[in-house]
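Protein chains: 2
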Amino acid sequence: MLHFEDFLPGQRFEYLPRRMETAEIIAFASEFDPQPMHMDEEAGKKSILGGLAASGWHTSSIAMRMMIDAFLGSSTSQGSPGIEFMDWKKPVIAGDTLSGFSLVLETRALRSKPGIGVVRFRNEILNQTGETVAVSECPIMFRMREAG
Amino acid sequence: MLHFEDFLPGQRFEYLPRRMETAEIIAFASEFDPQPMHMDEEAGKKSILGGLAASGWHTSSIAMRMMIDAFLGSSTSQGSPGIEFMDWKKPVIAGDTLSGFSLVLETRALRSKPGIGVVRFRNEILNQTGETVAVSECPIMFRMREAG
Numbered sequence: 023m024l025h026f027e028d029f030l031p032g033q034r035f036e037y038l039p040r041r042m043e044t045a046e047i048i049a050f051a052s053e054f055d056p057q058p059m060h061m062d063e064e065a066g067k068k069s070i071l072g073g074l075a076a077s078g079w080h081t082s083s084i085a086m087r088m089m090i091d092a093f094l095g096s097s098t099s100q101g102s103p104g105i106e107f108m109d110w111k112k113p114v115i116a117g118d119t120l121s122g123f124s125l126v127l128e129t130r131a132l133r134s135k136p137g138i139g140v141v142r143f144r145n146e147i148l149n150q151t152g153e154t155v156a157v158s159e160c161p162i163m164f165r166m167r168e169a170g
Numbered sequence: 023m024l025h026f027e028d029f030l031p032g033q034r035f036e037y038l039p040r041r042m043e044t045a046e047i048i049a050f051a052s053e054f055d056p057q058p059m060h061m062d063e064e065a066g067k068k069s070i071l072g073g074l075a076a077s078g079w080h081t082s083s084i085a086m087r088m089m090i091d092a093f094l095g096s097s098t099s100q101g102s103p104g105i106e107f108m109d110w111k112k113p114v115i116a117g118d119t120l121s122g123f124s125l126v127l128e129t130r131a132l133r134s135k136p137g138i139g140v141v142r143f144r145n146e147i148l149n150q151t152g153e154t155v156a157v158s159e160c161p162i163m164f165r166m167r168e169a170g
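Top line first, the protein sequences correspond to chains A and B. For the first sequence, the working numbering assigns the number 23 to the initial residue and increments by one for each residue that follows. For the second sequence, the working numbering assigns the number 23 to the initial residue and increments by one for each residue that follows.
Among the hints, erroneous ones may be present.
[What the hints assert, rightly or not] A short, non-exhaustive set of chain A residues, derived as facing chain B with CB atoms under 10 Å:
#, residue
1, Leu38
2, Pro56
3, Gln57
4, Ser69
5, Gly73
6, Met86
7, Phe93
8, Ser102
9, Ile105
10, Asp109
11, Pro113
12, Leu148
13, Val157
No wet-lab data here; the hints were simulated from the structure. C-beta atoms are modelled at their ideal positions from N, C-alpha and C, and glycine is treated no differently.
Let the sequences and hints guide you as you build the complete structure.
Following this line, the structure appears as structure tokens:
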């Protein structure tokens, strides 16, 4: 289990690649973001996104899952107070294969919550041609080793 | 259809209330954010969130859907380049009923994309006791009326 003390600035966690399938893009959009360019191939091609494109919230949720599988799922994560920013830099088009990484920016103990520390991450998602499609920075809270 | 020109600073779009069910919280978490406090009642109670709590990405995706139903679904939205920030201020616990609103902050034509304008929104999600559980600000692109 990764505790707060195990995270060091500059450390990098690589995500496993994941293909974005047409069916899952449409399923997510149907539930949470039913805009034409996320639901229909033709509407996507006519839009400024240029094809059937995943909702930014879908890409962000997939990025969360990639973080879980890469390192967060075997950590003492206590969740996050929010996202500092999330840039959707390029469309994620059906059939794209995403990969990426989380980089540790800084770590600090939380005075207000003894036994908890905050780690700030920069998270980048790339497509199969190496273009960055999404970038975010966010703090995540972890239990400290001595608190256990 | 709401076009870019129809959005004015200070305008407010109210969301319809929506109850967050245990089953949907667990289903979303299983797919995108399988951390114990989003998957299991007991783990949630033991965590700093205090109960079975929705993933922040689930709350954010639900907020997206509330925006679609409130106004975005009957607009010329062309999507968003990202989120300026998203604060998850309070846990969203199974059984909570969410509501909220989007407030127009400012509007401007995009010089780089003729016929497209950007509207910046502040989006607030409240729970049934009136506490703000999530706040975000984001730009959304809309087609202009004359471009049609």
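Hint-by-hint comparison with the structure:
1. Below 10 Å, beta-carbon pairs count as interface contacts, and Leu38 (chain A) has none with chain B, the closest being about 15 Å; its hint is therefore violated.
2. Checking Pro56 (chain A) against chain B by beta carbon gives a least distance of about 6 Å; that is within 10 Å, so the hint holds.
3. With a cut of 10 Å, the hint placing Gln57 (chain A) at the interface with chain B holds, because the nearest CB-to-CB distance is about 6 Å.
4. The beta carbon of Ser69 (chain A) comes within 6 Å of a beta carbon in chain B, closer than 10 Å, and the hint placing it at the interface holds.
5. Checking Gly73 (chain A) against chain B by beta carbon gives a least distance of about 12 Å; that is not within 10 Å, so the hint is violated.
6. Satisfaction of the interface hint for Met86 (chain A) is found here, the shortest Cβ-Cβ separation to chain B being roughly 5 Å, below the 10 Å cut-off.
7. Interface hint status for Phe93 (chain A): violated, as the beta-carbon distance to the closest one in chain B is roughly 12 Å, over 10 Å.
8. Given hint, Ser102 (chain A) at the interface with chain B, holds; its Cβ is 6 Å from that chain's nearest Cβ, closer than 10 Å.
9. Nearest Cβ of chain B to the Cβ of Ile105 (chain A): about 4 Å, under the 10 Å cut. The hint holds.
10. Among the interface hints, the one on Asp109 (chain A) holds; its C-beta lies about 4 Å from the nearest C-beta in chain B, closer than the 10 Å criterion.
11. Proximity of Pro113 (chain A) to chain B holds as hinted, the smallest CB-CB distance being about 8 Å (cut-off 10 Å).
12. Because the beta carbon of Leu148 (chain A) sits about 16 Å from the nearest beta carbon in chain B, more than 10 Å, this interface hint is broken.
13. About 8 Å separates the beta-carbon of Val157 (chain A) from the nearest beta-carbon of chain B, less than 10 Å, and the hint is met.
Hint check: violations occur at hints 1, 5, 7 and 12; the rest are consistent with the structure.
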